[in-house]
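Visitor: One line per chain: the protein sequences are A and B, in this order. Heads up: the first sequence begins at 1 in the working numbering, then just goes up one per residue. Heads up: the second sequence begins at 1 in the working numbering, then just goes up one per residue.
Since the hints were made in silico from the structure, they are not lab data. Glycine residues also receive a C-beta, built at the ideal position from the N, C-alpha and C atoms. Heads up, a few of these hints could be off.
[What the hints assert, rightly or not] Computed, partial: chain B to chain A, Cβ under 7 Å:
1) Pro164
2) Ile353
3) Met358
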Amino acid sequence: MPKVTLINPDDTRTELEVAVGDSVMRAATAAGLDGIVGDCGGGLSCSTCHVVIVDDAYFAKAPEISPTEDQMLDFTAMDREPNSRLSCQLVMTDEMDGLVVRVADPQL
Amino acid sequence: MADTAADIDRNEAPVLDIDPYDIEVLRSPYEFQEKLREAGPIALIPKYNVYAVGRHHECETVLKEFDKFTAKGGIGIQDIRKPGDFRVPNRMLENDPPDHTSIRNVVMKYLSPIAIRKMKQKFDERAATLADELMERGEIDGVEDIAETYILDVFPEAVGIDLPRPNILAIGEMRFNQSGPQNALYHAAMEKAQPYLGWFESSCQREGVRPGSIADDLFAAEDRGEFPEPGLASNMTRSLVGGGADSTMAGIGHSLCKLAENPDQYDLIHADPKKAGLAFEEALRLEPSFHVSYRTTSGEMELSGVRLRPDTKVGVFFGAANRDPRKFEDPDAFRIERRSAGTHLGFGVGAHICIGQMIARAEAASILSALAERVKRIELAGPPVYKPINQMRMLEKLPLRLIAA
C-alpha cells in the first residue's frame with residue numbers, strides 16, 4: 001500500500017499507509033491525527049485539512065486542483081503557500097507513494 | 001401494486017404505491033424509506049407521477065449528475081418552469097452549473113470558513129449564556145427552549161436580518177410545505193403564513209439589513225458588480241433566511257433527541273465536549289433535516305439499468321439514503337464515532353451541497369458543547385413529537401430533563 005508521511009505542527013512525523021483511491025484526509029482522521037480536522041468530510045466546504053506538499057515533484061504528480069479547491073484554499077486558517085492542497089483532494093495513486101506533506105497550523 | 005420483478009425485466013421503474021407525504025409517513029418515515037430502498041434502484045410513485053430514489057448510490061448519482069438531473073425544474077415536487085403555483089425561485093439552488101457556479105462562488109466568499117471563524121466566538125458566548133440559564137430550570141423543551149431560542153439568538157445577527165420567532169416559524173412552515181404537493185399541510189401552512197408575507201418580502205431587501213452581516217456583505221458585493229446579474233443579493237438573502245434557520249433548528253433538535261435516547265453516546269461528548277460536532281453529524285445522518293429534494297430528468301436516460309422518462313421529477317429521499325445498509329453498517333444505530341461527515345447526505349452532495357453547512361456546524365457545536373460541559377445526563381421527560389412538514393423532518397416537542405454535572 002502506498003505510504004504518506006505527515007510532518008505534524010510539533011515537527012514529529014507520522015507515516016500512514018493510504019489505500020489507492022482513499023484520501024490523505026480520510027486516512028489521517030481515521031488514524032486520529034489531531035492536525036487534520038476535516039470537518040466537512042471531503043465536501044470542499046471547510047478548508048480544515050490543509051497540507052503543504054514538501055517536494056515539487058510530488059506536487060506535480062498529485063491530482064489536479066479543481067476550481068472549487070482553488071477557491072477554498074484561499075479560505076484556510078494558515079495562509080496558502082504555493083504547494084498548498086486540501087488533503088481531502090489528495091486521492092492516493094501508486095505514483096504518489098512516498099508523498100511527504102507538512103500539516104498546516106492552525107486549521108481552525 | 002405492480003409486479004416488481006416483471007417491471008425490472010422490462011427495465012421500467014418498479015411502482016411504489018405509497019404517498020411519501022402522507023401525514024403518518026411524515027411522522028414516522030422509516031417504513032416508507034425501507035420500502036423505497038428495497039423496491040429497486042429507482043421507483044415510480046404513481047400518485048404524483050414522479051420517480052423516487054432511496055439507495056445511497058442512486059441518491060448520490062442524481063445529486064451529482066446535474067447534466068442528466070437538472071435542478072432548473074426546482075427542488076420541490078412541482079416543476080417551477082411550468083404554469084401553476086407561483087413561488088420565487090432560488091436563483092442559485094434552482095439552477096445548474098455553470099450559471100449556478102458563478103453565483104455560488106460569490107456567495108461562498110461571504111460564507112467561507114474565514115467568515116465563519118469570525119462568528120465562532122460569539123456563537124460560543126451566547127451558547128454559554130443560554131446553557132447557564134437552562135441549568136436553572138427543571139424540565140425544558142429541547143425544540144423551543146434550546147434549538148429555536150439559540151438559533152434565533154445567533155443566526156439573525158449573523159445573517160443581518162431581524163427574525164421574530166412567529167414570523168420566521170410561519171414562513172419556514174410555508175416554504176417547506178409549499179415545495180410539496182397541495183395537500184392539507186400545504187393549505188394550512190399557506191394560510192398561517194399570510195400575515196407574515198409582507199414582512200418576509202421587505203425583510204430581505206437592503207433597507208432592513210444590519211451592518212457587518214452576511215447580507216450586508218452580499219449587497220456590498222452586488223454594488224461592486226461581483227454578481228453576474230442584478231437582484232441576486234436579495235434573492236440570496238432570502239434563501240439564507242429560509243435555508244439557514246429551520247434546517248439548523250431541526251438538526252439541533254434531532255441531536256438532542258438522539259443524545260437523550262442514547263446515554264452511552266452522550267457520555268462520550270460529556271467526557272470530551274469537542275466531540276459535540278460528531279453528535280450533530282450523526283444525528284443528521286439518522287434524521288436529515290430535509291425529507292426530500294427534487295431534480296428533473298433532462299431527457300430519456302437510464303439509471304442503474306432502469307429506463308427513465310424525460311422531463312420527470314426525481315425525488316431524492318435523504319433519510320432513506322442515510323440508513324441504507326448497503327452504505328452504513330448497522331444503519332439505525334446512533335454512533336457518533338462513525339465519522340460519516342462527507343458520506344451521509346444530510347447536507348446534500350454535488351454542486352448544490354449546503355452552502356451554509358459550516359455555519360450550521362459551528363452553531364450546533366457551540367450549543368451542544370456548552371450543554372455537554374454542564375450536563376451530566378440528558379433524559380427524555382416525555383415522548384418526542386415530530387412535526388409533519390412536506391419537505392422536512394423536524395421535531396415539534398422534545399421534553400427534556402437536564403441533570404447537572
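Visitor: Out of the numbered hints, which ones does the structure contradict?
Guide: 1
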